[in-house]
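Based on the provided sequences and hints, a complete structural model is requested.
Top to bottom, those sequences are chains A and B.
The first sequence begins at 340 in this note's numbering and counts up one residue at a time.
The second sequence begins at 183 in this note's numbering and counts up one residue at a time.
By construction, these hints were calculated from the structure, which means they are not laboratory data.
Only a predicted model underlies this, so the values are computations on that prediction, with no experimental measurement involved.
Backbone N, C-alpha and C fix where the C-beta goes; we use that ideal spot for every residue, glycine too.
There's no promise every hint is true.
A few chain B residues that face chain A, going by a derived Cβ cut-off under 7 Å, partial list only [claimed, not checked]:
1) Y188
2) G219
3) D224
4) G240
5) E244
6) A290
7) Q291
8) M295
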Amino acid sequence: MPTLTRRAVIVGGAAFAGVALDRAKASEPPVNAVASTSGGNSSVRLVVNGKSHSLMLDGRTTVLDALRELLHLTGSKKGCDQGQCGACTVHIDGERVLSCLTLAVAAQGKRIDTIEGLARPDGTLHPMQQAFIDQDGFQCGYCTPGQIMSAIACVHEGHADSDSDIREYMSGNLCRCAAYPKIVAAIKQARGQMEKV
Amino acid sequence: MRPFAYERAADIGQATRLGALTGQGQIDAVVQFLAGGTSLIDLMKLDVLRPAYLVDLGPVKEGYDRIESGPEGLKLGAFAKMAAVERHPAVRAGYPVIAQSLQLAASAQLRNMATIGGNVLQKTRCPYYRDVSWQACNKRRPGSGCTAINAVNRNHAILGVDESCISQSPSDFGVALVALEATVELSGPDGARRIAFSTLHTPVGGQPHIETTLRSGEIITGFHIPAGPWTQRSLYLKIRDRASYEFALSSVAVALDLEGDHVRQVRIGLGGMAYRPWRSQEAEALLTGRPLTEENADAAARAALQGAKTHGGNGFKPELARRTLVRALLQAKTLTPDGAEA
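The following block contains the structure:
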């Protein structure tokens, strides 16, 4: 039977349910501890932009924190960290999701694609990236990686046929600079240049 | 977020055994099931939910995410994502109210993540529940009181509430399910069983910390929506503060079977108004066998709201609900029997 500590641990085997009651009676653990890479951690394999990474991480680590803090892929942004703003949008197994609400341990074996993986090795931008530049689809730029990841999925899903469809299916990405009209224009520019999946 | 131990369930049997301490929605449940995570991870970050154990149901989904439509009705695997159900041609054509209730909820990203089983178990958005710095919340801390009742309660419920809790059920999908008399398939440590969806959520009854009739370890594996001549001429009307990506201020699920102008049968659910997914059989009874006129729709809406209790900030809700229901009924009337606009 594995030893349980107050640190986050990944419990193996069938010992799990039997120890639950004991654990419930234990003293209060610290609140809001940050994810760390030492002590009681587990080994997790994440496939990001086609590359496999073996990471030691605290079980509480989200995909967003793993990307930013451990893999130093800081394109995906932490806006609200509550699944409300869309700044952390990445693709997992080809679908747009919120990396701030996805635990890294639960994303093992899945394909994670981020803004950093869009451009070709020679630096040529993805049509959606280029369209955001051409159409001035941002001001401060903080929400832009999430907007672009969401916009690409929006086109792939077939939800970019009309302005109202684009606005509806992009509503999960907030832009506090309110670059919305330019974002719609960028998606309309890129949709014809992207191959439908 | 507090530390937890994580276990990935290999199959449904193992999941129900590992989940023996999941409880009936209490925040202090020792074990929580992780499906889409959109509600759970959020509430763990907010320190509302504090499970010592997370049982990841990710690998369980195989075989429990199917969407099937047949003469008996619609069968939805509980692990189907909201987005998958929303875009399924059979759901859109045969059960528009189901597709619309999902499509009008959350954002595209969240709908890609959230399962429909998790959707009906999502927690209330009451800000006094979600923010643990508020001491009084009977849902979080039984016996501590209700902050919302004397605070900002514009978004709070007016139906099915009592002095212990006026929180609102946030699920749109649940409103459509309760209107269409769905049943819920469950799998638990003692085997499988089926219950009426209308009995999944417990009435407040002074005990808002107990939210469901699920037994510990039980997992929702599917929903069955019976076929009926009303499912095609159906719609979900959602009124909210923003055009998109917002919970309902008021919503209505309507499914209508008409003979000429006369209502043969109707199913009515109300959202944004109630403590739990809410069906109004009072309104249905008043319309059945009568012509669907604005006057009769209005009478039905007034009947639906007879038991409404307001608490200041939500004083506008009975009138908004009345208008929403009348509009939804008249709008449904303009649909052809196959759900298209006439």
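Q) Hey, does the D224(B) contact hint survive, CB to chain A under 7 Å? A) holds, 5 Å
Q: Against chain A, run the beta carbon of M295(B) and see if the smallest gap drops under 7 Å.
A: For M295(B), the interface hint holds, since the closest Cβ of chain A sits about 5 Å away, which is under 7 Å.
Q | Interface hint outcome for Y188(B) [beta carbon to chain A under 7 Å] | A | holds, 5 Å
Q | Cut-off 7 Å, beta-carbon criterion: hint that Q291(B) touches chain A | A | holds, 5 Å
**Q.** Cut-off 7 Å, beta-carbon criterion: hint that A290(B) touches chain A
**A.** Cβ of A290(B) sits 5 Å from chain A, so the hint holds.
Q) Per the CB criterion, is G240(B) less than 7 Å away from chain A? A) It holds, given that the least Cβ distance between G240(B) and chain A is near 6 Å, below 7 Å.
(Q) Given a cut of 7 Å on the nearest C-beta pair, is the interface hint for E244(B) held or broken against chain A? (A) violated, 14 Å
Q | Restraint outcome when G219(B) is required to lie within 7 Å of chain A by C-beta distance | A | holds, 6 Å
When the structure is compared with the earlier hints, a violation turns up for hint 5 alone.
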